[in-house]
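K.L.:
One-letter residues, chain by chain:
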Amino acid sequence: MRLDMTRRGFLAASAGGIAAMSNVAGGGRIAHAAQPLTIVDWGPPFIDATREAFAEYGGSNATWVIHDGGAANVLAKIKAAWPNPPYDMIAAWRPVFLSMAREGWLEPVTVEDVPHLKDVPERLIDKDEDGNWVSIPRSLTGAVFAYRPDVCPIEINTLEDLFDPRLKGQIAWPHPLTYSNIQLLALAIHEGGSEENMDPGWDLLRKLAESGNIGRTFNSISEGITSLTTGETSISFMDGPSMLSVSRNVSLKFLSKHDESLKTFPWTEGWGILKSSKARQEALDFANYTISPEVNTRINAAFGDGPVNTKSEPVEGLEYLSFNDEQLERFAYFPDFDLLSKNADAASKRFEQEIQPLL
Amino acid sequence: MAGLILLSPAMLIVLLLLAVPLGTVIRESFLTFEAGRIGATDDALFTLENYAELLHPAYASYFLQTFRFAIFTSILSVAISLPLAYIVAHVLPNRAKTCAIALLIGLVFLNSMARVYAIQLSLGPTGFARTISNLTGISANSRAYAELLVTVGLLHFVIPVSALVLLGSVKNIDRRLIEAAQILGAPRWKSHLSITLPLCLPGILSAFLVSLTMCLGAFVVPLILGGGKVMFISNLIYNRFSQVTNYPSGSAVAMTMLIIALMVIAGIFAVARRRA
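Just so you know, the protein sequences line up as chains A and B, in that order. For the first sequence, this note's numbering gives the first residue as 1129, with consecutive numbering after it. For the second sequence, this note's numbering gives the first residue as 418, with consecutive numbering after it.
Hints are computed from structural coordinates only; laboratory data are not their basis. Among these hints, one or two may not hold up.
Stated by the list, open to error - Quick partial rundown of chain A residues pointing at chain B, CB under 10 Å, derived from the structure:
id, residue
1, Ala1204
2, Thr1286
3, Gln1298
4, Trp1301
5, Leu1305
6, Thr1438
7, Gln1455
8, Ser1476
Claimed, not checked - Computed footprint of chain A on chain B, listed as stretches where at least three residues anywhere in the stretch have a Cβ under 8 Å from a Cβ of chain A:
id, region
9, 475–482
10, 553–567
For each residue, glycine too, the CB sits at the ideal point set by N, CA and C.
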C-alpha cells in the first residue's frame, strides 16, 4: 500500500491529532477549522479584517495568501496546479468567479451549506451556466469616478470635462484588464453604446488619449492609488475602497451621483470555494460566519464596502454607494461581467494596438 | 565518452528546466485560444493566428521600443562602467578597492522592488519631478519623462553588473603599456583610447551583451516607472499570461522576442568576430 503524503496532508493529520489531544485535555471543546484552511484574499485592509474575523470565529488553523495584483492572477496558479491547487477558499469578484465556473473549479453552494445566504439578495450571487450558485457574496462595492479638487485645474461635472485642454496629464486611466474594462463601458454608454457595442467607447478613449490628458495608465490598483495620492494625476476611475484609501490622505470628491455621464458600476465581491478543497465544510462555515449580519457590517466597515446581508447595519461613510431607486436608474449601471470578461483578451489587444501608441 | 558522462548531469538539468518548458511554450504558441478560458483547452486546434497578430504595426513599435531602450541603455551603461571599473581596478587603494567591489556586488543583490520604488519616490511627484521638470522643460506627466525614468531605472540595475564584468578585463591591462605611451609623449586621453580601449574590447562586448540581455528582459522597471506609457515586450507577455490568461498569444510573443533577441546577439558576435 502506497502512502500518499503531501505537505497539506501532513499538516492536516498533525492538526487533527493535536485537536484530538486538545479535546481530551480540554474536556471535549472542539476548535473551528480543525482542517487547515488556505484562504486567498486581497492585501490590507481586506486580509487584516478577514484574519480578525477568523480569529473571532475561533479559527486557529489557516494559511493566508495575498492576491498577487488583481484577483484574476490567481487563475493561472490554479490552472497550473489543478486538480490540487493549494487553496481552499478565494476572495474574488464576478468576472473571476465566472472564469472559474467555466473551468468547473467552483463548489456549488446552497442555503443548506451557507444558511445566511437566505438573507442575501439572489441577484448578488454568481451562478454557473447550469444556474448553480457558485459564490458567497460578502461585500457590495463598485467603481466610481473621483477627482482631487485641490490639485485638479478645473471642476469636473460631466464626462466631457475630461477632455478639457487644461487637464493635460491629469487623468489616471485603468488598463482594460483592470475592472474588466467597465471604465470604457462608461465612455461607450455615454455615446449610446453597451457591452455588446463598445466601439463608441473606443472612439472616445482614442480622443482622450490624443488629447494628452491621460497622465498614467495603471494595471495594478496600487499604482492608481499612488498616482492620485501623490498628485501625479488628479482624476481617476477606481473601486470604492481604493478611492476611500486615497480620501483618507487627501481631499477627494466622489462623482457617483453627480451626472449621468459619470456612471458608478456596482458589483459584489465574495468567496469561492474550490471543488478540490479538502476542508470544504470549514470553508463554508467560515464564509457563512463572514456574511452573518453583525460580522458582515464589521468587516465591510474595515474594507470600505457595503454589507450584502439585508439584516446588516449599513456602513458609515459609504454614501457614494448608497442609491435610491431613482438614483440607481440614473447614476448606476450593472454591467454584464460575463460578456466583459470574455472580451478581455480582445480589449487588451485593441488597447495595445489603438490606444497605447497614442500615450 | 568520459566527457559525455561528466556533462550528463548538467545536460539533464538543462533538458528538464529549459528545453522541456521551452518546448511547451513553442507548442502553446500554435494553439487556438478560446475567449474566457484559461490557456488553451485540451482540444485546441493548431493555428498561426497568434503569430499573424504580431504583424500589426503597433507590435513592431513595442519590439522597436524595447530594443531601443535596451541598446541605448547598454551603450550608456558601458560608457559609465568602463571608467568606473578602471578607477576601481587601478586608482583606488587596496582597502577602498575592496569596499568598492563589495558595494557593486551589494547593489546587484539589493531587492529590485525596493530600488525601483526608491527611484519612483525620488524622481516622482513626491520627489524631484517638479525640479527636473522646471530645469528641463519636460512635463512630469509626459511620455518623455516616463522614458527618462525608465532609462534611469534600467541604468540603476545594469551599471553595477557592467562594472563587475569590465573589472576583469581592466585589471588584466598591463599599466606599463599606458605609462610607456605617456612617456613617449601621448596625452593621457590618447593613451587610454589607443591602449586601454582596444585591450578591453572583449570585456566591453561582454558587458554590453550582459546589459542588453538584462534590459531586454526588464519587467519591473517599465511596469512601475513607465507610467503605463512605456511598454516592454516583457509587460506584453505578462498581460497575456497573468491577466488575460491567453497563454497561446503570450507564448507567441515570447518566442518572437526570443528569436529576434538571438538574432541581434548573433549579429553582434558576427560583427565583433569580423573586426577581430
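K.L.:
None of the hints should be skipped; say for each whether it holds.
P.N.:
To see whether the hints hold, each was checked on the structure:
1. About 6 Å separates the beta-carbon of A:Ala1204 from the nearest beta-carbon of chain B, less than 10 Å, and the hint is met.
2. Because the closest C-beta pair between A:Thr1286 and chain B is about 23 Å apart, greater than 10 Å, the hint is violated.
3. Interface restraint check for A:Gln1298: the shortest CB-CB distance to chain B comes to about 7 Å, inside 10 Å, so the restraint holds.
4. Against a cut-off of 10 Å between C-beta atoms, the interface hint on A:Trp1301 holds, since the closest Cβ of chain B lies about 8 Å away.
5. With 10 Å as the threshold, the beta carbon of A:Leu1305 comes within range of chain B, its nearest partner Cβ sitting at about 4 Å, so the hint holds.
6. Because the closest C-beta pair between A:Thr1438 and chain B is about 32 Å apart, greater than 10 Å, the hint is violated.
7. Interface hint at A:Gln1455: violated, since its Cβ lies 32 Å from the closest Cβ of chain B, which is beyond the 10 Å cut-off.
8. The interface hint given for A:Ser1476 holds, since its Cβ lies 5 Å from the closest Cβ of chain B, which is under the 10 Å cut-off.
9. Remark: the region 475–482 of chain B is confirmed as covered by chain A, as 4 of its residues place a Cβ nearer than 8 Å to a Cβ of that chain, reaching the required three.
10. Taking a C-beta to C-beta cut-off of 8 Å, the region 553–567 of chain B contributes 5 residues in contact with chain A, enough for the three needed, and the coverage statement holds.
In this structure, the hints that do not hold are numbers 2, 6, 7, in rising order.
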